[in-house]
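*Asks:* The lines below spell out each chain.
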Amino acid sequence: MTGAVKSSMWTALAVVAGVQSLVIGWMVWDRVSLLSSGREIKAAVVPVDPRDIFRGDYVTLGYGFTSGADIALPEGVRTGDTVYALLKEQSPSNWTLAGVTAEQPETQGGGEVVLKAIVDRAWRGQASAQPTVGRLRFGIERFYVPQGQGLVIEKQVLEKRIAAVLAVGSDGKAALKGLEADGQRIVEEPLL
Amino acid sequence: MWSYQQKVAKDLERWRAAGWIDEAGARAIRADLASRGRGIGLPGALAILAAVLIGFAVMSFVAANWQDMSRVLRLGLLTGLLWAAYVLAAAMFRRGLDTFGHAAVLAGCAIFGADIMLVSQMYHMDGNAPDVVLVWAAGTLLAGVLIRSNPALAFALVLFSVWGLWETGQRDAVYWPYLVPWALVSAAFYWQRWEPGVHLSGLALTGFILTYGQINHAVGGFETVTLIGVVIGALSALGLVLRPGLAAIWRGGILYGFFITFAGLFALQFFKDPSLGAFLVLAVLALALTLGAVWWGLTADDRRALWMGYLGFSLQILWIYGKTVGTLMGSSVFFLSAGFVVAGLAYFAYRLHARREAQEVVS
Numbered sequence: 001m002t003g004a005v006k007s008s009m010w011t012a013l014a015v016v017a018g019v020q021s022l023v024i025g026w027m028v029w030d031r032v033s034l035l036s037s038g039r040e041i042k043a044a045v046v047p048v049d050p051r052d053i054f055r056g057d058y059v060t061l062g063y064g065f066t067s068g069a070d071i072a073l074p075e076g077v078r079t080g081d082t083v084y085a086l087l088k089e090q091s092p093s094n095w096t097l098a099g100v101t102a103e104q105p106e107t108q109g110g111g112e113v114v115l116k117a118i119v120d121r122a123w124r125g126q127a128s129a130q131p132t133v134g135r136l137r138f139g140i141e142r143f144y145v146p147q148g149q150g151l152v153i154e155k156q157v158l159e160k161r162i163a164a165v166l167a168v169g170s171d172g173k174a175a176l177k178g179l180e181a182d183g184q185r186i187v188e189e190p191l192l
Numbered sequence: 001m002w003s004y005q006q007k008v009a010k011d012l013e014r015w016r017a018a019g020w021i022d023e024a025g026a027r028a029i030r031a032d033l034a035s036r037g038r039g040i041g042l043p044g045a046l047a048i049l050a051a052v053l054i055g056f057a058v059m060s061f062v063a064a065n066w067q068d069m070s071r072v073l074r075l076g077l078l079t080g081l082l083w084a085a086y087v088l089a090a091a092m093f094r095r096g097l098d099t100f101g102h103a104a105v106l107a108g109c110a111i112f113g114a115d116i117m118l119v120s121q122m123y124h125m126d127g128n129a130p131d132v133v134l135v136w137a138a139g140t141l142l143a144g145v146l147i148r149s150n151p152a153l154a155f156a157l158v159l160f161s162v163w164g165l166w167e168t169g170q171r172d173a174v175y176w177p178y179l180v181p182w183a184l185v186s187a188a189f190y191w192q193r194w195e196p197g198v199h200l201s202g203l204a205l206t207g208f209i210l211t212y213g214q215i216n217h218a219v220g221g222f223e224t225v226t227l228i229g230v231v232i233g234a235l236s237a238l239g240l241v242l243r244p245g246l247a248a249i250w251r252g253g254i255l256y257g258f259f260i261t262f263a264g265l266f267a268l269q270f271f272k273d274p275s276l277g278a279f280l281v282l283a284v285l286a287l288a289l290t291l292g293a294v295w296w297g298l299t300a301d302d303r304r305a306l307w308m309g310y311l312g313f314s315l316q317i318l319w320i321y322g323k324t325v326g327t328l329m330g331s332s333v334f335f336l337s338a339g340f341v342v343a344g345l346a347y348f349a350y351r352l353h354a355r356r357e358a359q360e361v362v363s
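Protein sequences, first through last, are from chains A and B. In terms of this note's numbering, the first sequence opens at residue 1 and continues consecutively. In terms of this note's numbering, the second sequence opens at residue 1 and continues consecutively.
Here chain A stands alone, though its shape is the one from the complex:
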């Protein structure tokens, strides 16, 4: 390679390394700002499958407000679309789903919160009169744990009332902050 090509190659490599580092940095900054400034809510966790709650090194978290019946979705929504779920707090840590909309709704007071979700699966009932229903994913369904700690937390999930501590941003994005058992933090992590 000639000298000129060499120096442009250095520049190219530095730009690539720089941009890729910025992407990683942006991911971290996005999370850290959400975790530190987002509204903190607690939501009760239901074990998805008590016998097989750990796959690898993460806990699968099911949430009371989405488990059970199929969720009614706005008309025309398809799998993979982004929607907004409006939650209402009935009692501490107990949130119920008030409705799902295609556009972000306004919240009325502290008893409500909006979570951004992706439609995991959408389908229409057999009769044409039935609305579109489906399942949602909020991006807070996996809690990664250090190797070996899985069984300890699994036991606590089975024996105690577990709540996930979430940080919710004004745009509806949610991040997992930690886990609580009977009001006590059992897993808490620093921002950095």
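If you are wondering where the hints come from, they were derived from the structure by calculation, not from laboratory data. Hints are supplied without guarantee of correctness; some may be wrong.
To be verified - Only pairs whose alpha carbons sit at most 16 Å apart, straight line, appear in this in silico EDC-like list of lysine to aspartate or glutamate:
(1) A:Lys173 / B:Asp126
(2) A:Lys116 / B:Asp126
(3) A:Lys173 / A:Glu141
(4) A:Lys173 / A:Glu103
(5) B:Lys10 / B:Glu23
Knowing the structure of chain A, use the given hints to seat chain B on it.
*Replies:* Quick look at chain B alone, frame taken from chain A:
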């Protein structure tokens, strides 16, 4: 490439013994062959494999020692490894060891992907998984374009294809946005004048077209696939006549046209349930197409077309046998008539060939 050199070496011996070329000529030809690029060669291939292994090693090492490190330390380690790969690449390029340099770039892109996944794990991010692959692919494409690294571009296309297939699977619908990055990577391959890359693009697009057919099979998907194949083949043949300067592209296009048309016809015959009349028409068309590919392979001296024709013919025959087995009388009649048709074609081709040779001798 090696087999080609060995073949030429043998031929050179023969031609020299026959007195058609002298020793100096043979030496010059051998030197020319040796000086031409031998692709990436064994050391390069091993270096690239090593890069892939190092990428995996980073993922599992950091993952295994996760809980003993603070988040700041983990982030520092991740970024440090990323930069180390590119500094290594720079050092390799500087020494003129370009293949090793490209391997280091590939390792850098692998570490970039590992970093994304580990940050996701660190902050329990469980969003739309294909989005993560898309970011990874975009970073890799950037590396491929700026550093002009063919292996990184190829890796980017693989990642974009994983993203596209994942989105397709989630939606169970054709995912058109895939065509945007596909076109970008293909343009980069063309800009680099890298033929294997252009072929990779062709394969990816073929996969997309076939996926389209499969998803829309109830509403004429396979018919559309067949039609697209015919159009690609016809346009390529036309291009070969009108713009012979770009022969390599047109000849490639003819192969893809053949492959896609055959895949469409094949699916129409065996994945749908056509009436007997329609099945016979499709079977005859498919067999004619494979014979056409064999003819083209021989006429244009294109061994890829020849093999595709043979393979397609065998596949077609095998599946007809599978479909008609049980009605032994039916299949024996079919094979007998197919045998007669092909024997007739062979005789016709032989006559044509003999006549052309006779003409050449006369002229």
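*Asks:* Each of the hints needs a verdict: does it hold here or not?
*Replies:* Hints versus structure:
At roughly 12 Å between alpha-carbon atoms, A:Lys173 and B:Asp126 fall within 16 Å of each other, so this suggested pair holds. Under the criterion of a C-alpha separation no larger than 16 Å, the hint pairing A:Lys116 with B:Asp126 is consistent with the structure, at around 13 Å. Annotation: proposed proximity of A:Lys173 to A:Glu141 holds, straight-line Cα distance about 13 Å (limit 16 Å). At most 16 Å may separate the alpha-carbon atoms for a hinted pair to count; A:Lys173 and A:Glu103 meet this at roughly 14 Å.
Distance hint between B:Lys10 and B:Glu23 is fulfilled; the C-alpha atoms sit about 14 Å from each other, no more than 16 Å.
Violated hints: none; the structure is consistent with every hint.
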